[in-house]
Structures are given as C-alpha cells and as structure tokens.
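Asks: Starting from the known structure of chain A, arrange chain B on it as the hints suggest.
Line by line, the protein sequences give chains A and B. When the letters of the first sequence are read in order and numbered with full-length UniProt numbering, they come out as residues 1 to 132. When the letters of the second sequence are read in order and numbered with full-length UniProt numbering, they come out as residues 1 to 132.
For the record, the hints were derived by calculation from the structure and aren't laboratory data. Note that CB positions come from ideal geometry on N, CA and C, so glycine has one too. Among the clues, some could well be false.
[Claimed, not checked] Calculated cross-link-like contacts (lysine-lysine; reagent style BS3-like; alpha-carbon spacing at most 25 angstroms):
(1) K56/A / K8/B
(2) K8/B / K56/B
(3) K8/A / K129/B
(4) K56/A / K8/A
(5) K129/B / K56/B
(6) K129/A / K56/A
[As the list claims (entries may be wrong)] If you want a taste of the chain B side facing chain A, the calculated C-beta under 8 angstroms gives, among others:
(7) W9
(8) L14
(9) P16
(10) F59
(11) R74
(12) D76
(13) Y109
(14) T126
(15) Y128
Protein chains: 2
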Amino acid sequence: MDWLDQVKWDAQGLVPVIAQEAESSDVLMFAWMDREALRLTAELGRAVYHSRSRGKLWFKGEESGHVQTVHEIRLDCDNDVVLLKVTQQGHVPSIACHTGRHSCFFRLYRDGQWHDIEPVLKDPDTIYKQNA
Amino acid sequence: MDWLDQVKWDAQGLVPVIAQEAESSDVLMFAWMDREALRLTAELGRAVYHSRSRGKLWFKGEESGHVQTVHEIRLDCDNDVVLLKVTQQGHVPSIACHTGRHSCFFRLYRDGQWHDIEPVLKDPDTIYKQNA
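Looking at chain A on its own, in the form it has when it is part of the complex (with noise of 0.2 angstroms):
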C-alpha cells in the first residue's frame, strides 16, 4: 500500500500539519497539506502546504524567504495528523510567522484574556516586499 494511501485524507482531501523546529523544539506553525503538499514535502526535504484561503499548494517561503528544511515526517496514531521537525530558514532568530514573529502561538491566555507576548522580530511588510 503506497504510504500516501495510509494517510486518512479528510473530506476534503486534507491532513492538518504541526511544524516544529528542530533545534529548539518550538511549535512553529499549523498548517494544511493535500496529497501533493505532502508527496512533495518528502521529495524536496521543504515543507510545502496546502493553502486554504488560496486553493493550492504553498512552498512555504516562496515569498518570504523563510523555507522550511524538513528533517522528519511524523504520522499520528489515527494516521490523520501530520508532524514535521524542521529548521527554519531564512533569518536569525526563526521567523515562521506571517506576522514576523517567531512562532505563530504568541497569544497566551491569562485572566480572561488573549496576550500577545512574543516580539515582532521583522516587518511583515519588510518580509513580503523584499521578494516582490
């Protein structure tokens, strides 16, 4: 059985992934992969996601630089969940965030509300002009 069969697609042909940084352990990013996001992932060695509100695939850092190095591929226990262990590329500190931060999880919950608690690391619109 071709391993990309193993993965339980969701109805609309989708896996959620989790990216993790290698080096630090960091939760980076969710993200969505099709069949073709994650047969090419392998291929590659880069991540390469499946974006929703775009409708096709997304070699992360196409744009902004901030490419993906995958070192592993990890499937969970109900083959629906996808993990991949990453270094992220393209500036020092990461950013993986569209927003310039490091990690998109900089909202912490504390008292009744949302806090944003990582610093902007990098313009986003320095992020996205520069490789326009």
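Replies: Leaving out everything else, chain B in the frame of chain A:
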C-alpha cells in the same frame, strides 16, 4: 469582547488543539475543542477536549488516568489553532497516546514507508480496564 469569542471556531464549532509536553517539549497529541471544552480547560487547569467520534466533551484521562495538567493556553496568529503546554500525568515515563505510547506521533516516514519507532509503554488493555 469575551476571550472565547475571539477564537475563530470552524463550521462545526471546533478548533484544532496541539498538546505539547512542558518538560520535554515533545508534541504529545492533537485533538479538538469546542467552546465549552476550552472554557473548562482554562477553569479547571486540565485538558478537556471535544471527542468528534463520541460527539461530547472528553475529560482527558477520565478513563485512563492520564490527565493533562495545563500550564499555558496559547492561540495562533489567525485565532484558529490552540496550543497547550501540559504536564502529562498518570505514568512514568508519560503516556499521552491511547496505544500506550508516550506520544501519538510515533510513525516516522522513511524510504517510502511509515515506521512505528516508539515503544508501547503500557498495554492499552491494561490502561483502559483498570478504571472500568
């Protein structure tokens, strides 16, 4: 605005949730929450999910004893994914997965196949019978 209203619930009223072990930084599991599950998680300081298969609240550990104490609740840049930092209770070394393994992400892709690379720490039959 209520912090629960700031979460972008999907069409089913759910949000994806990543549980990361605070001590090891290992990604333990992936699950879903509805509004009540997230409210209870914050209130009780333990992980409460929404079981899609059973269609109801799932107090993690209610059968297995493998409760997750919650240290942090984080939300991502799009307000549609939650990350928990937890201590996985109930067994040493810790078991989060219903298969009796430490983490649900025990399948590793290599050379065109998925390989189960993490040991079963406790027989699942034993896990679920002891509290039945």
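Asks: Name the hints, by number, that the structure is in violation of.
Replies: 3, 7, 8, 10, 14, 15
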